[in-house]
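So the chains spell out like this:
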Amino acid sequence: MAKQPRITADDVLRAFAMDFEPGAGVLQRYLAHYPEHSVALIDLSMELAREVDDDLPPGAAEFDLVAAGMARLRENTINIKSLQAAPAKTFVDAIKVLSLPMQVGLAFRERRIDVATLPQSALAKLAEALQTSTATLLSYLSLPPEAPLTRARKSAVKPAAPEKVSFERVLQDAGVDEKSISNLLHEE
Amino acid sequence: MLRPIRKRKPDGKSYFRREKVEAEIQALVGISVAELERRAGLWQVSDPGFVSPEALLYFVRNAAAGAHREKLTEKLLVRVARRVPLVSDSGGNTDSLTRMNIREDVCDHFVDLLLSDRKQYDDRLDYYEVNFNSAVAADRSDANARHWKHENRTTEIETEDGEVSAQVESTVGDYDPFDADELDKKDYRLLLDEAIDSLPEFQRRIVVMLRQDIPIESNDPSVESISKVLGKSEKTIRTHRDKAFVSLKLRLERKGKM
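As they're listed, the protein sequences go chains R and X.
Take the first sequence: its letter number 47 is residue 46 in numbering that gives the first Met the number 0, and every next letter is one higher.
Take the second sequence: its letter number 228 is residue 227 in numbering that gives the first Met the number 0, and every next letter is one higher.
Here chain X stands alone, though its shape is the one from the complex (with noise of 0.2 Å):
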């Protein structure tokens, strides 16, 4: 019988690791210490040994203090500084100081959850043994809000309803960077994140909705859309939408012939 977690959602029921992981636990319980510490190192995802972070963070909780916790600690972060961003971006580049911050935030604050499930179970882990990619990801999201506020960011707001300019109108044509068969490669992937993270922060919000399928506008009150959430008229929400995507085919391309 697994150790259960704690942690209860919003609603009051109770989160849960997955059936998948479950099993896996289940399955690692009954290797050598030694097999469970040399697999706990692969990183590869496609390794046939490798182990899941949140399997690997259940035998980190639930060791004994001692080196065999110790070492599977060791693994268990090298997992969480594979999640935080690079110092230097796909072109070289080398990153600002605030990504640098970030990065050891995020780690930190893993750190210190630990530490603190040491003298007390901290369900605040939980989440990592439901989701660990995603918890790690809720942590990069809190520490881009804590340290790009005090970075030069460009937040460039435009309240006005301009128009269009037929330039931006027709470099954008129809172009949609959120292409099924383009997002279906790896780099492209990459290189689209890196150039949505380029953009002001009010055309970065429009693009990021765009992509979970959220509309510009709605005549259902029940559907919530960009224009509505970001308190602007559909114009300016289609204005800034296609200044953003200027942006990103003309990065993207010049991305794509280096």
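Isolated chain R (complex conformation) (with noise of 0.2 Å):
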């Protein structure tokens, strides 16, 4: 138990919890080593030992800090209204999970691919990585297709409505190679 440089005061009382035995002279271990946290040792040993009674099935106290507790995470699950907001740059950096160029993060971002023709794994992989569901990513990918406006302004010329078009079709405009654009369609 060498000391290192940069321990915080975390790092030792975790280590402390994690080698916590009663009795076993783990407690005149970390004093010696940890003199500077003696005080929050023996406070931190207090709650090791503490009897926590098992026996007990959970009560409505529980389950109100646990419904807190899932409202908290809910919230900060990323929604259809926070998709249509994020800026193409989460989409861009989504796409990476499955190795694929900016162009298919825009496709998504824009929802120009027809949800049918995607495949579980990838929708699965896309949802995760933009923190949200695969049921939300869908329902967020059949509203109806969009060109982002700073684009269409910079076009020359009058821009086409934009369409739905098959996932495949998307990753060859894109430039992805035939091995891979069959490995993932085939993905399970």
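Source of the hints: derived by calculation from the structure; they are not laboratory data.
Don't take each hint at face value.
As the list claims (entries may be wrong) - What the simulated footprint calls covered on chain R by chain X, stretch by stretch (three residues with Cβ under 8 Å from a Cβ of chain X suffice, anywhere in the stretch; the number is not a length): (1) 17–27; (2) 173–181.
What the hints assert, rightly or not - Away from chain X, derived, C-beta distances all over 12 Å, residues of chain R: (3) E46; (4) K80; (5) A87; (6) P100; (7) M101; (8) Q102; (9) E109; (10) R110; (11) P118; (12) S141; (13) P144; (14) P161; (15) E162; (16) K163; (17) V164; (18) S165.
Glycine residues also receive a C-beta, built at the ideal position from the N, C-alpha and C atoms.
Need the complex rebuilt from these two chains, each delivered in its own frame; the hints are there to steer you.
Next comes the structure, spelled out in structure tokens:
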């Protein structure tokens, strides 16, 4: 247990928590090595030795805490609105998980892909990278296609109304090689 | 091959999941999603289908976003909630606002870590895969330190080496709150913890160290003694130990009669 530079109090206390065994001399060892954290180590050993009654079924107080925690987790889950508001970079970064070029990420963002042609595995991986559920991503992709205003304005000719195309076509247009396309489309 | 954990110890070595947990996860990988969700909801450790919180956390961290992950996460939060102190004690007394805040604080911290880990691997969650109960105990300790100082908790730290009164001496006698036979009983352990919590801070620390076999005094400079750690004379420590033991004895006797 040689001391290393830049060891935080949290590192020491968590290491103690992981090593702790009642009456096995662990507190003695940590007090000797980390006297600067002695008070925190003593207080922590009280919590580590504390008896928690595992025989009681979870009650209303526990479920209230769980409900509050789940509400916070759901608030932070990406929904359709936040996907619509997300910048192109979000999709471009996410598509890297599938090792695909940015054009494919933009096609997802602009909802130009026919969802019926999307393999489940690619959909699930992208949803995870976007920190959303597969169902939310599918709902988002099912909305009408849209070309971002910024790119439409830069076009010299009036852009045609965007259409949904197959995933395979998007991959081909982005220059993805045939073997990779085949692998992606047939991946379980 | 399970995804390894990344957190390192202060000495630079890696933390590992316990072998038992690794084996449990390997076995659970093969069961259906519905079965895993059902078993994650079992809360009795003695239930043959019980999933350890360490294994449950592994599946939560590695599941794709969606309904399955949400269900597992909910079961995992129940495990956290069960490890934070109750709002009322064994005597049915309503607990302080501080203790409720501590409960919320511990759960909030865990949710913070889950959210952070979803964005980018957060190695602070690794502790919970190594030893879930100890990691939550550390969170309780952190929350205690943050919240109790805001409450008017007794912090009686007497510095004078007062003589132990004859009454205290006669009450203590050969009383030992850590009697092995008593400690074998779960109810006794629960009451003892509660009684130790009620002690003034200085006495509580003495008792906590005695419980971990730290000697009051030692001639060996390499041995940490209570007197050395708390910076008080051996006599002061013994005086406060006796006072603490009297308090524990009376409190446990009172509770025992209830």
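Verification of the hints:
A count of 8 residues in the region 17–27 of chain R with a Cβ less than 8 Å from any Cβ of chain X is obtained; the coverage claim is therefore met, three being the minimum. Figure legend: the region 173–181 of chain R, annotated as covered by chain X; annotation inconsistent (0 residues with Cβ-Cβ distances under 8 Å, at least 3 required). Under the 12 Å C-beta cut-off, the non-interface status given to E46(R) relative to chain X is violated; the minimum distance is some 4 Å. Distance to chain X confirms K80(R) as a non-interface residue, since its nearest Cβ pair spans about 16 Å, more than 12 Å.
A87(R), annotated as away from the interface, keeps every beta carbon of chain X farther than 12 Å; the closest lies near 19 Å. With a minimum CB-CB distance of about 23 Å to chain X, P100(R) clears the 12 Å threshold, and the non-interface call stands. No Cβ of chain X approaches the Cβ of M101(R) within 12 Å, the least distance being about 21 Å, so the stated non-interface status holds. For Q102(R), the requirement that its beta carbon stay farther than 12 Å from each beta carbon of chain X is met, with the minimum near 24 Å.
For E109(R), the shortest C-beta to C-beta distance to chain X comes to about 22 Å, beyond the 12 Å cut-off, and the non-interface label holds. For R110(R), the non-interface assignment is confirmed: its Cβ lies about 19 Å from the closest Cβ of chain X, beyond the 12 Å cut-off. No beta-carbon of chain X comes within 12 Å of the beta-carbon of P118(R); the shortest separation is about 14 Å. For S141(R), the shortest C-beta to C-beta distance to chain X comes to about 17 Å, beyond the 12 Å cut-off, and the non-interface label holds.
No beta-carbon of chain X is positioned within 12 Å of the beta-carbon of P144(R); the least distance is around 24 Å. Interface exclusion of P161(R) from chain X stands, the closest Cβ pair being 27 Å apart, more than 12 Å. Residue-level check passed: E162(R) sits 29 Å from the nearest beta carbon of chain X, beyond 12 Å. At roughly 24 Å, the least C-beta separation between K163(R) and chain X is larger than 12 Å, which holds for a residue marked as non-interface.
Distance check on V164(R): its Cβ is at least 26 Å (rounded) from any Cβ of chain X, clearing the 12 Å threshold; non-interface status holds. Annotated as non-interface, S165(R) keeps its C-beta farther than 12 Å from every C-beta of chain X; the closest such distance is 24 Å.
Checked against the numbered hints listed earlier, the structure breaks hints 2, 3; every other hint is satisfied.
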